[in-house]
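Put chain U on the given structure of chain H with help from the hints.
Line by line, the protein sequences give chains H and U.
Each residue of the first sequence is one higher than the last, beginning at -5 in this note's numbering.
Each residue of the second sequence is one higher than the last, beginning at 9 in this note's numbering.
No wet-lab data here; the hints were simulated from the structure.
Quantities reported herein were computed from a predicted structural model and do not represent experimental measurements.
Errors might be hidden in some of the hints.
Taking lysine to any residue and the SDA-like style, the derived pairs with C-alpha atoms no more than 20 Å apart in a straight line are [stated by the list, open to error]:
| # | chain 1 | residue 1 | chain 2 | residue 2 |
| --- | --- | --- | --- | --- |
| 1 | U | Lys214 | U | Glu60 |
| 2 | U | Lys185 | H | Ile212 |
| 3 | H | Lys140 | U | Lys79 |
| 4 | U | Lys185 | H | Arg142 |
| 5 | U | Lys79 | U | Glu60 |
One-letter residues, chain by chain:
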Amino acid sequence: MTARVHKLINQPENLVDEMLAGFCAAYSDIARLVDKRLVMRAQPKAPGKVGLVIGCGSGHEPAMTGWIGEGLFDVNIAGEIFAAPGPELMVKGIRAADRGGGVLICVSHHAGDLLNAELALELCQAEGIDNVDMVVLYDDISSAPKGREPERRGTAGLFFVWKMLGAFCEGDGDLAAAKALAEKARDNTRSLAMSLSSCASPVTGEVMFEMAPDEMEIGMGLHGEVGMGRQKALGADETIDLMLPPLLEDLPFQAGDEVLVLLNNSGSLTLMELFVLYRRAAAKLAEADIKVYKSWIGAYATTQEMAGFALSLCRVDEQMKALWDAPANGAYMKQL
Amino acid sequence: MNAIGSEELGALIRAMAQRVAAERDALNRLDAALGDGDHGTSISRAFAAAVEDIEALQEPSLSAIWLTTAKALMNRMGGASGAIFGAFFIKGVASLRDVDRVSNHLMAGALAAGLGSVKARGRAAVGDKTMVDALAPAVAAFEAADDFSAAWAAAATAARKGAESTRDLVARQGRAKFLGERAIGQQDPGATTVALMFEAANDWWKENQA
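With the rest of the complex left out, here is chain H (with noise of 0.2 Å):
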């Protein structure tokens, strides 16, 4: 029999409203409702910019709220417990972003993520919205071969992609560049996630899939979705030693490259744990004379209290650089 986990909420169905509620009155200054399900930035950027919406499942928190402000995300256009919201919400969050310069709704490439961006590109056009787009964000590396990276999921590594796209939209470039940067941004970016345990539906209240004490599982998805298989669990010099050498091939991350490094939290691994696992990724990368830009460790993409990290690098040139230095202000990703 699956195990329940208690969860400190309400009743599941007014979770994801009672959350965004909390979250946009403890963030007033950067955040603001503009409907139950839409999450918008409290100063719009200036008339003629580009547009920045993202429609996601909820339950990944910080992702997608904590992304909304000034040189981010306009609009979070938020859905059920993983389950990418329906058309008709997407076309009031694009409508609420559209500053008069086009709108690019961003897809972090799962299946619902897709076909419901699809549906509200078709409603806009057939309301006459036009000079909207979307683009497509994918990067770990387990779940499609080289080769076949269109299939691949979109996890925690696009952070990158948010972070210099939403910089990039706060400029004059147009919405096809804006679509262009996004591209080039995800084509650089590379992640892996392993994780130790599994999570509870905050709707259920069951664990989503049982996982033994001494075991991990390697190129886990965002959602539980499984990776490469089960294995012994490893130490985390081993477990690093087990994940870089695949994510320095397959893009590949080469001698004399210079990269960003996330280490995203994917619920409740410690702190102490994932320096421990960056001390020894950031030597390996020293030792494939790879010199890291920066580095970010935390939770920003979370699978609820799952215990485990992904791993994601972004190689970056000086354009790619500017846009990681420029300022940001959301309630979760701020850079000064």
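Relative to chain H, chain U alone:
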């Protein structure tokens, strides 16, 4: 009876809503093995919204009922399932437009159009371990029948058999595809929902129309 009006069509949707609600926990358990474990909760929530929205219609024509159901599934369920169940109903709307009563042949056309849209949207075919495995044989059985009684009965049987066939399959679409061989032995929840919908329609028909 060989043609149905909007009152009967609304009642059929209500019967489907009641059936998926009654099977909510069982659908959640099926989904737990292959997905997030909340398919029963989300499909019953969306069907309940469809029933409410149909009751609120000023002019409940056949096409309005079908469109309202499509929109509720698409917008209240979300995710891939919402888009695909919504696609099934929305593509049938054109077949039902401007008619007061629908024959089993016309209804078969609406269902077949819906099936085509589900396959296109979901990029799925029979054998991919998706709702298509129940829907395709159900629609074929419905089309081959001579009247509504025979059509609902044959479709319900075919849909159930199709749903059960998904147990032996490896998924090629949807998030269960990442499970690979691990999906074998598990029945697809979307296909099961399709079976429940046709069974509910058939039971309602037997009680009220046959």
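A quick look at each hint next to the structure:
1. U/Lys214 x U/Glu60: Violated - the C-alpha atoms of glutamate 60 of chain U and lysine 214 of chain U are around 24 Å apart, more than 20 Å.
2. U/Lys185 x H/Ile212: 16 Å, holds
3. H/Lys140 x U/Lys79: 38 Å, violated
4. U/Lys185 x H/Arg142: 15 Å, holds
5. U/Lys79 x U/Glu60: 12 Å, holds
Going down the numbered hints, you'll see the structure goes against 1 and 3, while the others check out.
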